[in-house]
Each structure stands twice: as C-alpha cells, then as structure tokens.
Amino acid sequence: MKKTIFWTIIIIFILSLTLIGTGCKEEAAPAEEATEEEAAPVEEEAAEEAIEPVMIQFWHNYDAGAGQIDVLDQLIAQFEEANPDITVNQVYLEWQALKNNVVAGATTGMLPDAFRGDIGFVPQFQSLDVLVEMDTAFPDYAEAASAVLEAPNSTAKAGEHYYGIASNTNTKILYYNEELVTTVPATLDEMWTTAEEVSSENVIGFCEAWLGGWNLCQYIWSYGGDILAPDYSTATDYINGSVAVSVIQRFADLYAAGAFSGPTIDPGAPPDTDGMGTGNYAMTIDGPWKAKDLSTKYPDLQYGAVQMPAGPAGSIGVLGGEDFMMFKTSDAAHQDAAWKFIKFMTGKDAQVEMAKVGQMPVNKEALVDDEVLEAMPLLSIFADALQTCKARPVTPKWSDMENIINTKATEAILGQKPVQTAMDEAADEINALIQQ
Amino acid sequence: MASGVFFRTSEYFKKKDNIRILLLLVPGVVVIGMFTFYPIIKMFIMSFFDWKIGFNQVSPFVGIKNYLAVFMDPIAGKALINTMFYAIVTVPGQMILGLLAALLINGIRKFSVTFRLLYYLPVVTSWVVVALLFRYIFSNQGLLNYLLTDVFKWIPEHIGWLSTRWTAMSATTLLGIWKGIGWNMVIFLAALQAIPEQYYEAASIDGAGSIQKFFHITLPNIKGTILFSTVMLTIGAFNTYTPIAVITGGNPAHQTDVVLTWMYFQTFSSLKMGYSAALSFIVTGIVAVIAIILFKVLRSERA
Numbered sequence: 001m002k003k004t005i006f007w008t009i010i011i012i013f014i015l016s017l018t019l020i021g022t023g024c025k026e027e028a029a030p031a032e033e034a035t036e037e038e039a040a041p042v043e044e045e046a047a048e049e050a051i052e053p054v055m056i057q058f059w060h061n062y063d064a065g066a067g068q069i070d071v072l073d074q075l076i077a078q079f080e081e082a083n084p085d086i087t088v089n090q091v092y093l094e095w096q097a098l099k100n101n102v103v104a105g106a107t108t109g110m111l112p113d114a115f116r117g118d119i120g121f122v123p124q125f126q127s128l129d130v131l132v133e134m135d136t137a138f139p140d141y142a143e144a145a146s147a148v149l150e151a152p153n154s155t156a157k158a159g160e161h162y163y164g165i166a167s168n169t170n171t172k173i174l175y176y177n178e179e180l181v182t183t184v185p186a187t188l189d190e191m192w193t194t195a196e197e198v199s200s201e202n203v204i205g206f207c208e209a210w211l212g213g214w215n216l217c218q219y220i221w222s223y224g225g226d227i228l229a230p231d232y233s234t235a236t237d238y239i240n241g242s243v244a245v246s247v248i249q250r251f252a253d254l255y256a257a258g259a260f261s262g263p264t265i266d267p268g269a270p271p272d273t274d275g276m277g278t279g280n281y282a283m284t285i286d287g288p289w290k291a292k293d294l295s296t297k298y299p300d301l302q303y304g305a306v307q308m309p310a311g312p313a314g315s316i317g318v319l320g321g322e323d324f325m326m327f328k329t330s331d332a333a334h335q336d337a338a339w340k341f342i343k344f345m346t347g348k349d350a351q352v353e354m355a356k357v358g359q360m361p362v363n364k365e366a367l368v369d370d371e372v373l374e375a376m377p378l379l380s381i382f383a384d385a386l387q388t389c390k391a392r393p394v395t396p397k398w399s400d401m402e403n404i405i406n407t408k409a410t411e412a413i414l415g416q417k418p419v420q421t422a423m424d425e426a427a428d429e430i431n432a433l434i435q436q
Numbered sequence: 001m002a003s004g005v006f007f008r009t010s011e012y013f014k015k016k017d018n019i020r021i022l023l024l025l026v027p028g029v030v031v032i033g034m035f036t037f038y039p040i041i042k043m044f045i046m047s048f049f050d051w052k053i054g055f056n057q058v059s060p061f062v063g064i065k066n067y068l069a070v071f072m073d074p075i076a077g078k079a080l081i082n083t084m085f086y087a088i089v090t091v092p093g094q095m096i097l098g099l100l101a102a103l104l105i106n107g108i109r110k111f112s113v114t115f116r117l118l119y120y121l122p123v124v125t126s127w128v129v130v131a132l133l134f135r136y137i138f139s140n141q142g143l144l145n146y147l148l149t150d151v152f153k154w155i156p157e158h159i160g161w162l163s164t165r166w167t168a169m170s171a172t173t174l175l176g177i178w179k180g181i182g183w184n185m186v187i188f189l190a191a192l193q194a195i196p197e198q199y200y201e202a203a204s205i206d207g208a209g210s211i212q213k214f215f216h217i218t219l220p221n222i223k224g225t226i227l228f229s230t231v232m233l234t235i236g237a238f239n240t241y242t243p244i245a246v247i248t249g250g251n252p253a254h255q256t257d258v259v260l261t262w263m264y265f266q267t268f269s270s271l272k273m274g275y276s277a278a279l280s281f282i283v284t285g286i287v288a289v290i291a292i293i294l295f296k297v298l299r300s301e302r303a
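The listed protein sequences correspond, in order, to chains A and B.
The first sequence lines up with residues 1 to 436 when you count with my numbering.
The second sequence lines up with residues 1 to 303 when you count with my numbering.
Among the hints, erroneous ones may be present.
[Unchecked claim] Okay, derived cross-link-like pairs now, EDC-like style, lysine to aspartate or glutamate, Cα gap no bigger than 20 Å in a straight line:
no.	chain 1	residue 1	chain 2	residue 2
1	B	272	A	400
2	A	397	A	226
3	A	397	B	50
[Said to hold, decoys possible] Covered stretches of chain B (chain A as the covering partner; in silico rule of three or more C-beta atoms under 8 Å from a C-beta of chain A):
no.	segment
4	138-149
5	157-164
6	249-256
7	268-279
[As the list claims (entries may be wrong)] For the chain A half of the interface with chain B, some residues (derived, Cβ under 8 Å), not all of them:
no.	residue
8	103
9	107
10	264
11	266
12	267
13	270
14	274
15	395
16	400
17	407
18	414
19	418
20	420
21	421
22	425
For the record, the hints were derived by calculation from the structure and aren't laboratory data.
All residues carry an ideal CB built from backbone N, CA and C; glycine is no exception.
Bound conformation, chain A alone (with noise of 0.2 Å):
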C-alpha cells in the first residue's frame, strides 16, 4: 500500500513536472513563429489583420519626475485618435529594470512591441538575437530614418543593420556651482586645478556618478587615448596606455586631495545631483536631465553650464540617448502597429513635445523649431558638444567592459592599488573577454 501511494505521488510529480516542460514550450512558440512569419512578407499580413483592433505594448524609461510620461501619455492619445485600430499600452521601467526584464523576457518570450531604451542595449539585445531587423522588415524605414540625424541613429546600427531607430539624443556638458566656482575652466587641465581650489571641508571639487566607459571615455578621449584599439582587438596599450593611466592618476590626487569623490567611489557622498543642489559638490559633467533636475529639486541654485572643457585632442565627449527597438515575439499585425507609433514618436510634432519635457530631439525639423529651443535653453550647448562627441565601442561585451573599467579605476583611485597595475589588469581582463 506505502509502495503504491509513493509510486503514485512519484508519477504525478513527474507529470507535473512534464506540464510545466510543455507550458515553457508553449510560452516559447510565438517566438519561431514570429521568426517564420519574418521570411512572410509584413505588408500582406499587416493588411488582413489591419481590420482586428490591435493592442500594443510599450516598455520605455521616460522620467515621470520631468513630466515625460505625462507628455507621452497625450502623444498616446493623440495617436490612438489618429490610428483607432490601435491602443499602446505603455509600461515604464527603471533603467535597470528595463534591461533586465528583455533579459527575462528573451527566455520566456515575454517582450513587448515597441520598445525604448539606452542606445548601448542594442548590441546586448541583438546579440540575444530578440531584436527585428527594422531595415529590412519594413520598406520605408530608410524614409523615416532620413528625417533623423544620422550619428544618433548609427547608434542602432549592429554590423550591416539597423535594429532600432534613433529615440532622442544627447551628449555631456560640464555643470558649475556659480558661487564656487568663479572663473570657468576652458581646459581640462584648468578643471582639475579648479577643482582642487575650491574645495574645503564641506566642498568638493568635482563629482562624477561613476567610473565606467560613459564616465571615463570623454577624458581619455579628449586627452587623445583611447579605451580599445579601432578594430576592438585589444585594451592592451589603450586601457592601461600612458594616456588612459595618466588620467586615472589625475582623478586619484584628485580624490586624495579631497577634491574629488561620487555616489559609487564613495558610498556615503550625497548623490550627483543632491550634492550638486546643496553645493556639496562645485562641479559636475553630465547630460541634459540634470539641467531639467536642478532647476526642478534646487531652484534656488546659482549654476552655470558650458561645452565640456578640452583635452589637447579637443572636447570629445561620449554620445548618449535612447533608440527604439522592436522584438521578434511579436507577430505581424503588432509589428505593423508598433512601426507607426514609433514613426509617430520620432515624427516631428512627439519630439517638439517631448524636447519640452528635456528629451533632446533627434528629428532634424525639431531641432530648428522655436518651441523646442524656448524650452531647452542649453540646447545650442549640447548641439555643440554634439559635433565633436563619439559613440562608445559597439560590442555587446561592452556593459562587462565598462563593469572592469569601473572596478579597477575604483580600485587605483582609492589607493588600494597602483594606477598601472590596476588599468594592466583591466586590461587583461578585457582582452579575455574579447578573446570569448
């Protein structure tokens, strides 16, 4: 009887376990789907089902603090109005927690229609091989990505295509406490020095948020190194190179000196923009939301915002900004729906809106347009800085890069090793994973 009961119990368990085994299977089905009605042409089945209403979903990290996903809420309903087959469900998620939940959802098949999202998750997600290949997939996209600027949209290009389409861009200027810092540095060299005069017991100098690749490029850059070789086969001379070394070295006096310090470097400093606010810190480099969240959290704040200062190989900062994406679990009929809304997004009238909310517009008409350049009046700063800045290697081990450059520059800037035995390291550990 014991024998029977426990055999019993024994096959249920495995049957449970088989019907778990077949809803994965089932949960990954409309994925080879989509992938066989990708060889289909989209047009044919966009136009049988045009007719059935089409519910879309819209994963995205608009900052609800800046009002942006208000602004995107009546950019849905003007849409919807325009397109009455069509409603967009849009889902905000924190940065981390946007990247994270495509991570989840490339196993499941969980993934929305339309996405948007930092450029650099482009090469990560192709590289799940979840993302469309938006170039060949739909016919006018060479229109409408004509209508944005190319170096932002060269962001969504991985190897010969394009698997997004530029959202909004931006670069980093250099932010300034007008009450501590008194005359502007013109060169880097000048900022540093800046740096460590105003510092005192309740001032530092200067502030970065973090040490990866979007933090330390633009200085290594501008002092005319580089992270990686051109072709991305090596960090060996370039990470751990004279230039890169001597910058790092820059920052770990800096830190010592008490002039220099962050949120990460220091896990009990007041946060970027916090400290910025209550002139705990006099300098920061940083993009256009902090303008939008100083002026929100610290209006009384006295600052000033000028191009990055320049290295002697000029002021080279790091392209950001975001690109719409789209995924392959998706079938026809949403794709179809989720192209026009992302056209509708990167259309002139959404970006003007959105620019006034401090999204900075990639449509070249909304560039020009009077509304957006009233709203963003550091505009003409970023568009400068725009001219000389690059885009970060476009590798999907990039995000592990960064992660080693941060650790090991955190390492070297606390003393707890020296400078070059740190960056050799790093760069070690890079070429191991370029080697993968």
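Starting from the known structure of chain A, fit chain B onto it as the hints suggest.
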C-alpha cells in the same frame, strides 16, 4: 516498532482514503515541483553550461568550468567573506539581544504586550525603508556624523562610515541585528514560557541564584529553540540582499558585495547565467554543511 506503525497505518488507510489523500497532496506537490524542485534541477543543469538566454542560441556544455570560475573569482571570494562576516556578527547578535529581550519581557507582568509589540515592530517594517534610514544615518553628512562632530564634538571630522569595506559592512550588520531582535524575542519567549515553573521553584529551594537558574535550567531547556534559530538565521544571513543593495549597492568596486548582490549582478548585468547557477550551488553547499554541523553538535550534546 516501525513495522507495527506501518501495519496500523496501512490498515487505517482504506482505498478511498488514499485517493482523497492523493488529491489533497497533488496541489502542494505540483506547486513545490513547479516553483522549487524544477528550478533547482534546471539551475543545476545550467551550472554546467555556458547558458545562453536568447532565441535560437546554443548553450555549450562547459563541465565544471563555471564552478572553477567562481573559485578563481576574487570578487566572489570577497562577497563570500562579507556574507560570512554578516552571518557571524548578526546571528549571535540577534539571538543574544532577542533572548535578553525575551527574558526581560517574560519577567514583567505589566506592559508585556506593549514591549512585545515595540520589539516586533522592526520585523514587520519594510527592509527597503529601514535600509534607506540606515543609509541616511551613516552617510558622510548623516545623523551619526552630525551627532558625533557637531552636537557632542567627540570627533573633529566626519567619518566615512559607508566609504570603506568593513565600516560599511558593520553598519549593515547593525541593521541586520536591529531588525532581527523582535523575531528572536518572539521565538525565545515561546520557548521560555514552555519551561515548567516547578524547575525554577525547586532550584530556588536548593538555593540557586538567578545566574545559576539561567545556565542550569533556562539554557538547557531552550537548546532546541537555539538550534532552530541558529539554522534559520544562518540561512537568512546567506540570503541577505536588500540592506547591501540599498545601503552601498556593493560599492566601492564590489568591496561590499555579498553573495546574492554579486550573483544578481552577474546574472542581470553580465548575463552569466551558468556562473550564477554554479555560485548558488556552492553557497547552498556551504549552508548545508553549516546546518549539518549544527545538527550534529546538538545531537552529540543530547546524547
């Protein structure tokens, strides 16, 4: 004896009852199978592969490479040491203070419920909320530095409590202890109330003092609870994530990472699923060994 029990049991369960029992068992077995056993088996398999998560991607079998990668990873080693530090400090800390609170509450007649409630309050408070409060207290310009330098003027300059590895870990363990006292108090209070009053009366007649009563009556009678609490808290300590994620985020340079924050980082930032699966099995092994040692120690003491 055992066969007798089995005979009576099998006699007792008629065929109809068996079906009923099985039907009652099915939902539980399915849920446990789905959400516990299946993920464990799946993860064990993953730990031997360079697991890819994207569509149409092949996950190559790499043998024990992921396990070797964990053993050779200096940050994983650092995270494991941090986790052990957290466990070694918080487990006895919570238990000693929890037992002390239970003894005090057990000895009073008035306001017993009020004190129980007050001590238990941190347990039901959100981890994120209290971790944010602790971050505020220990930050460079936080409450603690303000009191020490500006109010009492005991130290000339602010101390960077969260700036270095061990001070930051100490602040986190303080949070762990503070939050766990209430849970231990409740567990120990239940154990204390189960000790027959006659033991203490007899000891009093024999002339035993309070300390002798504690060591010769109280402690031996709550040994089972101490073991239970130690095992549960050790498992809990190895599962700590929120206080580190909120207070330091593993910064600077992963020096304050614990096993779970490092595992999360490797999974979602570096997408190293196989590595994370191997790390989780190594940690499970360590916790299992600790639990077995604790049970053995108690069993030998009972014998």
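Each hint, compared with the structure:
1. At roughly 10 Å between alpha-carbon atoms, residue 272 of chain B and residue 400 of chain A fall within 20 Å of each other, so this suggested pair holds.
2. Straight-line distance between C-alpha atoms of residue 397 of chain A and residue 226 of chain A comes to about 17 Å, which keeps the hinted pair within the 20 Å bound.
3. A hinted pair counts as satisfied when its Cα atoms are at most 20 Å apart, and residue 397 of chain A with residue 50 of chain B qualifies at roughly 15 Å.
4. Judged by the Cβ-Cβ criterion of 8 Å, the segment 138-149 of chain B is covered by chain A as claimed, because 5 of its residues qualify and three suffice.
5. For the segment 157-164 of chain B, the stated coverage by chain A holds: 5 residues have a C-beta nearer than 8 Å to a C-beta of that chain, and at least 3 were required.
6. Judged by the Cβ-Cβ criterion of 8 Å, the segment 249-256 of chain B is covered by chain A as claimed, because 6 of its residues qualify and three suffice.
7. Only when three residues or more bring their CB closer than 8 Å to a CB of chain A does the claim for the segment 268-279 of chain B stand; here the count is 4, and the claim holds.
8. The criterion of a C-beta within 8 Å of any C-beta in chain B is met by residue 103 of chain A, whose closest approach is roughly 6 Å, and the hint holds.
9. With a least beta-carbon distance of about 5 Å to chain B, the hint placing residue 107 of chain A at the interface is held under the 8 Å criterion.
10. A hinted interface residue such as residue 264 of chain A counts as satisfied when its beta carbon comes closer than 8 Å to some beta carbon of chain B; here the least separation is about 5 Å, so the hint holds.
11. Taking 8 Å as the C-beta cut-off, the interface hint given for residue 266 of chain A holds, the closest approach to chain B being about 5 Å.
12. Annotation: residue 267 of chain A was flagged as interfacial toward chain B, and the flag holds, the nearest CB pair being 4 Å apart, inside 8 Å.
13. A least Cβ separation of about 7 Å between residue 270 of chain A and chain B falls short of the 8 Å threshold, and the interface hint therefore holds.
14. Checking residue 274 of chain A against chain B: minimum C-beta separation of about 10 Å lies over 8 Å; hint violated.
15. Checking residue 395 of chain A against chain B: minimum C-beta separation of about 14 Å lies over 8 Å; hint violated.
16. The beta carbon of residue 400 of chain A comes within 5 Å of a beta carbon in chain B, closer than 8 Å, and the hint placing it at the interface holds.
17. Using the Cβ-Cβ criterion of 8 Å, the hint placing residue 407 of chain A at the interface with chain B is satisfied: the shortest such distance is roughly 5 Å.
18. The criterion of a C-beta within 8 Å of any C-beta in chain B is met by residue 414 of chain A, whose closest approach is roughly 6 Å, and the hint holds.
19. A distance limit of 8 Å between C-beta atoms decides the matter here; for residue 418 of chain A the minimum to chain B is near 15 Å, and the interface restraint is violated.
20. For residue 420 of chain A, the shortest C-beta to C-beta distance to chain B is roughly 17 Å, which exceeds 8 Å, and the interface hint is violated.
21. Here the hint on residue 421 of chain A is broken, as its CB sits about 14 Å from the closest CB of chain B, past 8 Å.
22. With a least beta-carbon distance of about 10 Å to chain B, the hint placing residue 425 of chain A at the interface is violated under the 8 Å criterion.
Comparing the model with each earlier hint shows violations of hints 14, 15, 19, 20, 21 and 22; every other hint is respected.
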